[in-house]
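Visitor: Could you put together the complete structure from these sequences and hints?
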Amino acid sequence: MVGIDDDEPRARIRRSAVACRRCNARKVRCNVATAGPPCANCQHDGIDCEILPRKRHGPRRKQQLNSAQSRDESHPSSLQEEGPVSLEKQLLEPPSALRIPAPSSQSLQQYHQTPPASAPSSTESPATAYHAASTQEADETEDSGALAVALDAPSAPRPGGNPSQIYIGDQQGPANLIFSLCNGASLTGTHFLVPRLATRKQKPEDLAYLQLKGCFSLPAQSVSNELVRCYFSHVHPFLPILDAHQFLGKFANLDCRNLSVLLMWSMFFAAANFVEPSVLQEAGYHSRKAMKRAMYQRAKHLYDSDYEEDKISLIQSVILMAFWYSDTEDRTGAYHWIGIAISLCQSLGLHRNSELNISKHRLPPAQQSVLRRIWWSCVLRDRWLSLGMGRPMRINPVDCEVPMPSVGDAIRELESIPVQIRQEYIPIDSEWLASLWVKLISISDLLGKIIDVFYKPKRPLPNKTVLEQYENELLQLIVRMDTTVCKDSISILHAYQYQLFYEAIDVVLHRPYIMNGTSLAEADSWQGDCHRKAKAAAARTNTVLESLIDLDMIKFLKPMTITTLIPAMQIHLIELSSPTPLFRRFGNHKFQLCMMILSELRSTYWGADAVYKLFEHALARVQKPDSPTNSSYKAARSDSNTALLQQTPASVEFPPTQHDIGAGDLQSYSNPDWFMWDENNPFSIVPDEVSQQFTSLGWEQNNGSTNFLDGINSVLSLEQFNSQCLDMGPT
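Following the numbering used here, the numbering of the sequence shown begins with 1 at its first residue and continues without gaps.
Hints listed in this document are in silico derivations from the structure and should not be mistaken for laboratory results.
There's no promise every hint is true.
To be verified - Computed cross-link-like contacts, DSS-like style, restricted to lysine-lysine with a CA-CA straight-line distance of at most 30 Å:
(1) Lys201 <-> Lys250
(2) Lys613 <-> Lys456
(3) Lys213 <-> Lys311
(4) Lys311 <-> Lys27
(5) Lys289 <-> Lys613
(6) Lys289 <-> Lys213
(7) Lys439 <-> Lys464
(8) Lys449 <-> Lys487
(9) Lys213 <-> Lys201
(10) Lys555 <-> Lys613
(11) Lys613 <-> Lys624
(12) Lys311 <-> Lys289
(13) Lys213 <-> Lys203
(14) Lys27 <-> Lys203
(15) Lys555 <-> Lys289
(16) Lys487 <-> Lys555
(17) Lys201 <-> Lys311
(18) Lys456 <-> Lys487
(19) Lys201 <-> Lys27
(20) Lys311 <-> Lys250
(21) Lys311 <-> Lys203
(22) Lys439 <-> Lys456
(23) Lys449 <-> Lys439
(24) Lys250 <-> Lys289
(25) Lys555 <-> Lys439
(26) Lys464 <-> Lys449
(27) Lys203 <-> Lys250
Model, not experiment: these values are computed from the prediction.
Guide: Next up, the structure:
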């Protein structure tokens, strides 16, 4: 336990001014003052809630008043201190700029300057005292009666204060039948709002440990402001899991009493990828990875100690903590944290449409919108994690009925933010970014279908009809940049990243027909088209990367975009085994561009470093003359390349490259004819006449590809691709 100076004053724990007779006798926390009679404990026990009259104290003597005043003057409160604060003082209380209270209404200073009520006396052993304290804590935090309280919710008055949401489960569960029997036709849903039970009391030694780890020492106000700004510019647009209006309203006014400290550290951890180097220096970190590690560890300490009680804040935090990845041996990677988030969501019934199911007392529309966005963000991450790690998807769409989010779900709350705060933290083209996020949710949902249909083990590949069905569905998710609306660099950055996601899905959709061992000459014409479409999507991925390099935006790539490079790099690696020297050189050129991007991101993301080393080793194995991959695949591709060359005309007029267009002028890339997608040909930046020449070669435009939105845990997962890199050990 942290030592505390004896000279420090011991602040008195302020107890609730009102408690019912039952709670007072049991010495447990009572919420009658906030929720009104009956309190949660009496309602759980089914007894009358009798409020005790307040004690009447006689007038204080003048001598006592003078004594108290002299004590206050000799020991001024830390909240009123000015000047430098000692290191020990900083460890024992949060910085004054952003004070985060402990779970109860008392401040952290009061928690640590007052001996715990269960402190062992001189006559009892520490083991006995600890057992007694643990038993008392278990009694005080018991919430096993939440379902019993919810049983009366359909006829109970609206709960006051901050109610808690209870989900009784589906029809196969025991609670659903009991609720139906007791309420009959009046049971209109499976979600209930009940009074929140008494706040769990943290042990003083746990709080001391968290303070020692720096969990309550938030960064300086200037650093915190920059981290929050980066969060809403780079993380929130594609992962809108927060109520921006509620959070920014409190944060901008330094009213952090009701903000979750766990959520704050999780946000800072996710935003640390995008801050400028000057912010790292001001915060006292020598590298971006050091800053991320420190912030993640503080968030994890808070999570492990069960400090956070609000389950929504807990879900939001673990979704952001899923961006953690350090090495393949780390057991708390993205798959672990997203699994926890999904489990918590399902325990609250977020996979069900609470707007239809919630009984009598409905949640506010703004809160329903947040819950809907949280659930679909979990779906999005679940799909990309399954793709990138080769593991099962946890969310079965059959069990879910939450409607697809709309642009209004993400933009409505932003419109109510004060103009000054919105200009400081929210991107300009927030409405267009919201529409882009809705498209990203849609292609993530489509990705789940593709994995289920095309990548199930021991299942034959679908025929041409099924493939065309998914190609057409993917075509509906094209996004065309409107340069008259989107003029902000943040919007352009996200548009390019969306195309990386899209092109990755195109490769994933056609990749099974490349890796099935059938050469292009032997395959049917439509299977040969799959070879060409995958190559075209991989080439377009490189085109996007070139544009991002010209705009100096590589440093702002999200961690999840790292995995979008993997499908394209797989195709480039396959082309490196071509028997034609020119094909090998061209494939190596495209492959090295992706490696260069990964090299730039290695200083920020551990995942980029892992992927770089993996492909570096794979390249060395593929280029070995005696490599089984090299010899066998070259033989299989020999006829394929011959067949392809026979279809190629003597000359083709290629479009100008990005370097030919201009020297990085943003306006030159904003021309609708050249920027990203053309209206009629969304997959390339070439003029129509050149596009027609490609179409005549079989380079059809039915492409699309997705990025695996989990980027940090980027691992080659495709079993067939792994077979191309046999015996490839770690570097």
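Visitor: Are the Cα atoms of Lys555 and Lys289 separated by 30 Å or less?
Guide: Distance ~14 Å between Lys555 and Lys289 Cα, so the pair holds.
Visitor: Take a quick look at whether Lys213 and Lys311 sit within 30 Å of each other, Cα to Cα.
Guide: Roughly 23 Å separates the two Cα atoms, so the pair holds.
Visitor: Does the alpha-carbon distance linking Lys213 and Lys201 stay inside the 30 Å limit?
Guide: 20 Å, holds
Visitor: Is the straight-line distance between the alpha-carbon of Lys311 and that of Lys250 30 Å or less?
Guide: 19 Å, holds
Visitor: With a cut-off of 30 Å on the C-alpha distance, tell me whether Lys613 and Lys624 pass.
Guide: 17 Å, holds
Visitor: Hinted pair, alpha-carbon criterion (30 Å max): Lys289, Lys613. Please report holds or violated.
Guide: 18 Å, holds
Visitor: Are the Cα positions of Lys311 and Lys203 separated by 30 Å at most?
Guide: Holds, because 20 Å separates the two Cα atoms, which is no more than 30 Å.
Visitor: Is Lys439 within 30 Å of Lys456, Cα to Cα?
Guide: 25 Å, holds
Visitor: Is the straight-line distance between the alpha-carbon of Lys439 and that of Lys464 30 Å or less?
Guide: 26 Å, holds
Visitor: Starting from Lys213, check that the Cα of Lys203 is at most 30 Å away, please.
Guide: 16 Å, holds
Visitor: Quick one, are Lys201 and Lys311 close enough, alpha carbons at most 30 Å?
Guide: Satisfied, since the Cα-Cα distance of roughly 16 Å is no more than 30 Å.
Visitor: Check whether the Cα positions of Lys311 and Lys27 lie no farther apart than 30 Å.
Guide: 26 Å, holds
Checked against the numbered hints above, the structure breaks hints 8, 18 and satisfies the rest.
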